[in-house]
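Protein chains: 4
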Amino acid sequence: MVPEPLHDIAHLGSVELFTPRPERSLWYFRDLLGMTIVHAAGTSVYLRGYGDHAASTLKLTEAGAPGVGCVAWRATSPAALERRAAAIEAAGLGVGWSNGDFGRGRSYRFRDPDGHLMEIYYEEQRYEAPAGQRSSLKNQPQKYEGRGVGVRRSDHLALLASDVPANRRFATDLLGFQLREQVVFEHGKTEIGSWMSPTAIHHQLAYVLDVKGGHGRLHHFSLWVDNREDVLRAADILSENGIFIEAGPAKHNNSQGFYLYSYEPGGNRIEIYSGSYLVLAPDWQPVIWNEAERGTGTYWGGALPDSFIQYATPDIENGERPTKTPKLPVFF
Amino acid sequence: MVPEPLHDIAHLGSVELFTPRPERSLWYFRDLLGMTIVHAAGTSVYLRGYGDHAASTLKLTEAGAPGVGCVAWRATSPAALERRAAAIEAAGLGVGWSNGDFGRGRSYRFRDPDGHLMEIYYEEQRYEAPAGQRSSLKNQPQKYEGRGVGVRRSDHLALLASDVPANRRFATDLLGFQLREQVVFEHGKTEIGSWMSPTAIHHQLAYVLDVKGGHGRLHHFSLWVDNREDVLRAADILSENGIFIEAGPAKHNNSQGFYLYSYEPGGNRIEIYSGSYLVLAPDWQPVIWNEAERGTGTYWGGALPDSFIQYATPDIENGERPTKTPKLPVFF
Amino acid sequence: MVPEPLHDIAHLGSVELFTPRPERSLWYFRDLLGMTIVHAAGTSVYLRGYGDHAASTLKLTEAGAPGVGCVAWRATSPAALERRAAAIEAAGLGVGWSNGDFGRGRSYRFRDPDGHLMEIYYEEQRYEAPAGQRSSLKNQPQKYEGRGVGVRRSDHLALLASDVPANRRFATDLLGFQLREQVVFEHGKTEIGSWMSPTAIHHQLAYVLDVKGGHGRLHHFSLWVDNREDVLRAADILSENGIFIEAGPAKHNNSQGFYLYSYEPGGNRIEIYSGSYLVLAPDWQPVIWNEAERGTGTYWGGALPDSFIQYATPDIENGERPTKTPKLPVFF
Amino acid sequence: MVPEPLHDIAHLGSVELFTPRPERSLWYFRDLLGMTIVHAAGTSVYLRGYGDHAASTLKLTEAGAPGVGCVAWRATSPAALERRAAAIEAAGLGVGWSNGDFGRGRSYRFRDPDGHLMEIYYEEQRYEAPAGQRSSLKNQPQKYEGRGVGVRRSDHLALLASDVPANRRFATDLLGFQLREQVVFEHGKTEIGSWMSPTAIHHQLAYVLDVKGGHGRLHHFSLWVDNREDVLRAADILSENGIFIEAGPAKHNNSQGFYLYSYEPGGNRIEIYSGSYLVLAPDWQPVIWNEAERGTGTYWGGALPDSFIQYATPDIENGERPTKTPKLPVFF
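Chains as they are written, first to last, in numbering that gives the first Met the number 0: chain A, 0 to 331; chain B, 0 to 331; chain C, 0 to 331; chain D, 0 to 331.
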């Protein structure tokens, strides 16, 4: 008997990032990545990509250390919001109702098993561009300004978790996400990571093993551009502006994403992303990679460096992040 | 009170095209577009793009004239299939159950109000590549061979209809598709076209006014490539092989699709397509274009020619299709 | 007996454009195309692309009407400069020596047979970027800022001429340019255009028939970007900023250039350009196109419009230039 | 007193590669890279890219070990050929006149100081495509077939030399190449590599230090594609066909080339290449990189691996070449 899929979560709504260097972080997201500031309140600034449907998809909040704040998911209907709130509360993970963040109606807050703060909401203000920001395309919420990278929209985020299976089950069972890919080592015994999504987008949430045993940490937040060439251009722009590129441009084997990882000045790992593939099948069978198949995580292009495993935000060990590629004795 | 969205249709499954020149049509889809033949039965050949999840997404059937055969939609569950079959039958549009086409379980057949044959199915064989066709990417169903254009997957189709509103209501109300964009002329009185989708893909079905008053006709079938550069390369390949390009490469205003339209040798209009944008909002408000806003249908690049309105398959008037761009007195 | 090719001209040095709207022209070149202002003197402003070797390749001068001022060519050596000056003077086309424009040594000025003002110089200041404009690439003269289109360098210009053969002979015989392609109508009797170059770049100078019988007019000035995708992105940027696109993005048949033509606000036609091909053969045989082969001048993409022949700067007839694509009755 | 530049060499004509696995090497160049076989004689096969002007630019010769055979340069005129032959003979490097290889007139053969065999010729058959291979573009020597990578033309080669300065002086003084970039270590004392060209192409010949003290060895031969996206597509094609990618797709700092290095099955390192920049200045000042500036040789993208220094053809030490990326303990 094939169960009916749950369709209560519509998509990733927004991600809050903490930054100890708010001015420099803003420079990174606005001037280099080309996002737009739409609102400010308290120590938070709200940003968006030119193609984001909602008013804001990134909330940047001043804090003592980098990391992830609240991750917001949009429900598919008011009833779906109520259903999810009830199920999460019954599972003992609930925090409670809040009045809703900028541009949104009330939300139900909770924590995933690893402790990351999340919320679900339904009501959302669609972005209405002010005069100078209107696009000449009626179906584009905002003018494409041609400033910096010009990221189009938010795509996904990856969280670290000390217990990946528990968090993966939470996402599939309580949120209804479809499991897309997994990395499982030691003959199926050690689940290293799971990639999941409530939409046709390959993944909007990944849980990956926290090798340092931390809790509530962020691996990366990812922003979309339409073409692989846009990712290459982003590498030129980051390089010209002194931003250390941790990895890429290169192609992942799992997800097939064409990636470019850098750290925004506050310390959070940000991905500029294109490619990958859509999943539409209701009976999708997760693709599972073992040690040999997974290899370096790269299909082609430079292998992911050790920092890709060791560094996350907040950094719980040394407070240092890599700032340049180790120099090898390569001279031509 | 916000209604809950219907999630009974998962995605476009496959499209059957009729061709009076099966050998030449096969050459176009296999050698120029880079699709793979997976099966043959009777006068039909089944093809796929390297990234299609199912065994086949295009069925090419020999016939006296070009046009569209059966359009198949996949249900999200067995129960969803039953629900849709019951609703369509109750609406008086049902044809009845069939045993299912290649690689599929039983399907419920019906006709849309304009008379196009359609079906819904749930059970589907996932594509398993034979030895020589396996990809080095575990999550890619088939090797990317680098032959011709290399279309990745089917994307959408556009059908003509003499009564666009009736067919649009059928798709939204009975199939549960979300209405994404519309072209409406004469102060809201004349609905020229409606673009709809059961997925995050911008549209998987469009109904556009049949200006010749025909029924059951095809405007175009569209295949996806990942980057705009792939569409440009496709223009080079089609041009080198004597295929008349009707329009593009250029960018639509509605859908923002980056398009290239040509006729396969059987006479059907085929689009090679990238760009566009995903829609995830459960309360998406359709973008409606009037005469002035719609203009030539092109955001930039050459305007769509008159044949784009006048020609469809089967051609009910003159049996002729354009084979070259009208020569203007332009000489440098 | 094969003659030895002449190598006295090294490359196109710079182009001066007249504009009746200097503020708006500056906005176009600086904010939309991403060029940098390096100098101002009198009513002129000097600009450059981030990859231009010399300090400036575009001089923008306020004037009553648009058009082309002085076209400067760099000699390969001081002796080559003297040789060309003597030969041009002997041909009766000389104007005389000048002290040299911004960043350059003395130059020899002359007029081509059609009356366009030109000069040859040898000494040239290499661009040295100020602190904030230095690239992180030691071999790149200036930072790639990621502002607007980001044109890399000047590429070529096309001039109108009432007598194409006379001007073509001038360029090949007196300047030593290699003839690359020609459009010749009426069984070889009417030379419509000739494309020539002193470098491996396909053409740096074209003469095309002035159908209105004018003299000294400009057809277009062309700026280079590295990839076809950059031209597509340029189309997005121009469209978002209300700049009328006259033609493209599309691919020329002659030159194979991937083009995008727009008018800068002063009225001059500007091309954003990539693709084409290099010519290295010392015995290159010109490719000659007749009426049938030339067709619309477009290999694929929208045909060149009538204005592409009728409009040039200064406009000697109606003072009007097209501002929008004629609306065809195309509605989907 | 500025000397007049020497213009006796027009461009790189062709490169001969030795392969111990001729069948597999042919598969690589023809089926994966998309080159065309135009001729065969003895144990040699002659190939070309679709945009190469001459009949052949790559000669593949069966041999016991991989490596480079004769490197041919085209003179700018018959007189230039005589001048270069006389100068090289006077320098004691001459081998003597030969009757010329396929499609060419007589050539003067010689060895560079490191011992690589070279020749200069002037007469050359322009490629005339047979019926099925004609392009729909009159200015393109051959149809773009859309098979595999589709390299357009040969670009450059890099040779190892035990004494880089001696070989660099040979190329600049005797062949007249312009010095474009250098890597010089130890405060100017150790010349690691020099990049030179007789054309506007950034470099057509590089000499790089042979760290194993060999002679006459090849570092890599490079083939051009028009867009960076074509290099990415090439990485997909090589990966799908089990070809080990040694480095890239990534961007060099020196030359700015966007590169992809793999080994053809015979063992020679082949680069698929785009980007870089043209040099037109007659007084170009070489860009010189020291240890710190040179770093890993990569501007962005994965660093060049150790094999990039250690491995060349013929391999004089271990007869082994890398076949896979070292596995790092990176697991997500």
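By construction, these hints were calculated from the structure, which means they are not laboratory data. Wrong hints could be hidden among the right ones.
For identical chains, the list gives no copy identity; a pair is met inside one copy or between any two copies.
Taking lysine to aspartate or glutamate and the DMTMM-like style, the derived pairs with C-alpha atoms no more than 25 Å apart in a straight line are [to be verified]:
1) Lys142 <-> Asp30
2) Lys211 <-> Glu3
3) Lys137 <-> Glu122
4) Lys211 <-> Glu185
5) Lys137 <-> Glu290
Subject >> Status of Asp30 relative to Lys142 across identical chains (alpha carbons, at most 25 Å) >> reply: both (15 Å within a copy, 15 Å between copies)
Original post:
Are the CA atoms of Lys211 and Glu3 at most 25 Å apart within a copy, between copies, both, or neither?
Top reply: neither (38 Å within a copy, 43 Å between copies)
Subject >> Intra- versus inter-subunit Cα pairing at 25 Å for Lys137 with Glu122 >> reply: For Lys137 and Glu122, the Cα distance is within 25 Å only inside one copy (23 Å; across copies 39 Å).
Subject >> Alpha-carbon proximity context of Lys137 and Glu290, limit 25 Å >> reply: This pair counts as between: shortest inter-copy Cα distance 13 Å, intra-copy 48 Å.
**OP:** Can you give me the call for Lys211 and Glu185, within, between, both or neither, at a CA distance of at most 25 Å?
**Re:** within (19 Å within a copy, 42 Å between copies)
The earlier numbered hint that this structure contradicts is number 2, and it is the only one.
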